[in-house]
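Participant: So the chains spell out like this:
2 protein chains.
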Amino acid sequence: MRNLRLLLAYDGSEFSGWQIQPDAPTIQGTLASAIGRVTGEKVLPQGSGRTDAGVHALGQVATFAIESPIPPANLVKALNDILPPSIRVLEASEAASDFHARKSARAKTYRYRMYRAAICPPLLARYVWHYPYPLDEDAMQQAACLVTGEHDFTSFAAVDAERGHEDEISYVRRIFVSGWERSEEELIYTVQGSGFLHHMVRNLVGTFLLVGKNTLKPENISGILTARNRAVAGATAPAGGLYLVSVDY
Amino acid sequence: MRNLRLLLAYDGSEFSGWQIQPDAPTIQGTLASAIGRVTGEKVLPQGSGRTDAGVHALGQVATFAIESPIPPANLVKALNDILPPSIRVLEASEAASDFHARKSARAKTYRYRMYRAAICPPLLARYVWHYPYPLDEDAMQQAACLVTGEHDFTSFAAVDAERGHEDEISYVRRIFVSGWERSEEELIYTVQGSGFLHHMVRNLVGTFLLVGKNTLKPENISGILTARNRAVAGATAPAGGLYLVSVDY
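Chains as they are written, first to last, in the working numbering: chain B, 149 to 397; chain F, 149 to 397.
The following block holds chain B by itself, in its conformation from the complex (with noise of 0.2 Å):
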């Protein structure tokens, strides 16, 4: 068996996230079938993690194990006549057995884009969060640049059944830059980190708002973390200004 990796683009937008269902478009889903047609090979490729749905990626990484000894070049031409526009593989390539776009991920970068004119241009509508209010984007900065380092991030993981809560399951990551940035009209959040917990960038992003709204204060973030009680953090940002940017392995 080979073990192939991939280098994957989309917009998330029109999917119901990353994770494969019966009912509903999602990029692992129309990932494998697309892989069957062109290798005749039923294969369900493993992301280096979830996005949910409406979150972009730029460089989403995938892995899978085929007998197919197609040239990986074709099977980016193959899978990029296959799919829809909205994705699109711009890499292929063989990987060692043991390497998993999952397990053997060493760090993982998002970005987040808010946009701050009066005015949202519709192109831009499914790609940035658009928030025209003031804000102070020193304190946001500050604020940001205080998750850096090891700390337990339950605060800001979502609650929810199906990646619960489970005793078993540490909250630990390290964050090695968070900051925010001006570019022109957006306001741009980058973050990488050793690992993300479910809906972590998004509930950062929207304590960061209460920051730069005054509601919180800079300071607060520590409080924040240590309290391990997602109520005491902000709201989840919407998910169309969510880019996964790339992974390091």
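Just so you know, the hints here were simulated from the structure itself, not pulled from any lab data.
Among these hints, one or two may not hold up.
If chains are identical, the list can't say which one is meant, so a pair holds when it fits in one copy or spans any two.
[Stated by the list, open to error] Here are the simulated DMTMM-like cross-link-like pairs (lysine to aspartate or glutamate), alpha carbons at most 25 Å apart as the crow flies:
| id | residue 1 | residue 2 |
| --- | --- | --- |
| 1 | 365 | 215 |
| 2 | 365 | 396 |
| 3 | 365 | 229 |
| 4 | 365 | 298 |
| 5 | 225 | 334 |
| 6 | 365 | 300 |
| 7 | 190 | 215 |
| 8 | 190 | 308 |
| 9 | 225 | 284 |
| 10 | 190 | 329 |
| 11 | 365 | 239 |
| 12 | 251 | 285 |
| 13 | 225 | 333 |
| 14 | 251 | 162 |
| 15 | 361 | 229 |
| 16 | 251 | 333 |
Use these hints to put chain F onto chain B, whose structure you have.
Facilitator: This is chain F only, laid out in the frame that chain B set:
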């Protein structure tokens, strides 16, 4: 009665074109309904021209008459609160009573975006024509220059029943600007003229493509114009790459 003028931007991919239809989402219908909700008045805004399904606008102009005393700035906010994010009102202003978005127009500018790299980013898929094959871009530019000036554009007009080839309609239009430019991976056609026939910009692009592929020579453009025969020009380029940029009065 007041005569109001709106400047609009929209993502055409979610609509069945500008013109109102009973059972399909259209820009004109969606806008008429929003104006009705804000003012309580039943109006049908008149655009500077129809855009087809999938065609975008960065600066469409529309006019309509209302009794409501609502200040233009409030109308912008109220409409944008009701309209989907895929349609934005950029400006509203009082217009002279004899001003009409279509009849008063002196010139229109359209842009057509082609994407030339091997793989088209998913976030651009609705907004460009992905054409990764070899093209002689210099020849396309020579051909584009040859349509400037006053010509009969019958060969580039859609032959359709609804807006058919009636004898009383003139197919003569004046083109002020017509040219291609490169912007990184995009090849962009900009055309400004006194007016445009149905499908005219997309048929010009489809014909310039034949020049780029060496199926036609740039100097064939003159013969295509004088033939006054749709069958001798190229195919209609896809709608998603086309933008109504601005209207001059």
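Participant: Hint by hint, where does the structure go against what was stated? Just the numbers, ascending.
Facilitator: Violated: hints 1, 2, 3, 8, 10, 11, 12, 14, 16.
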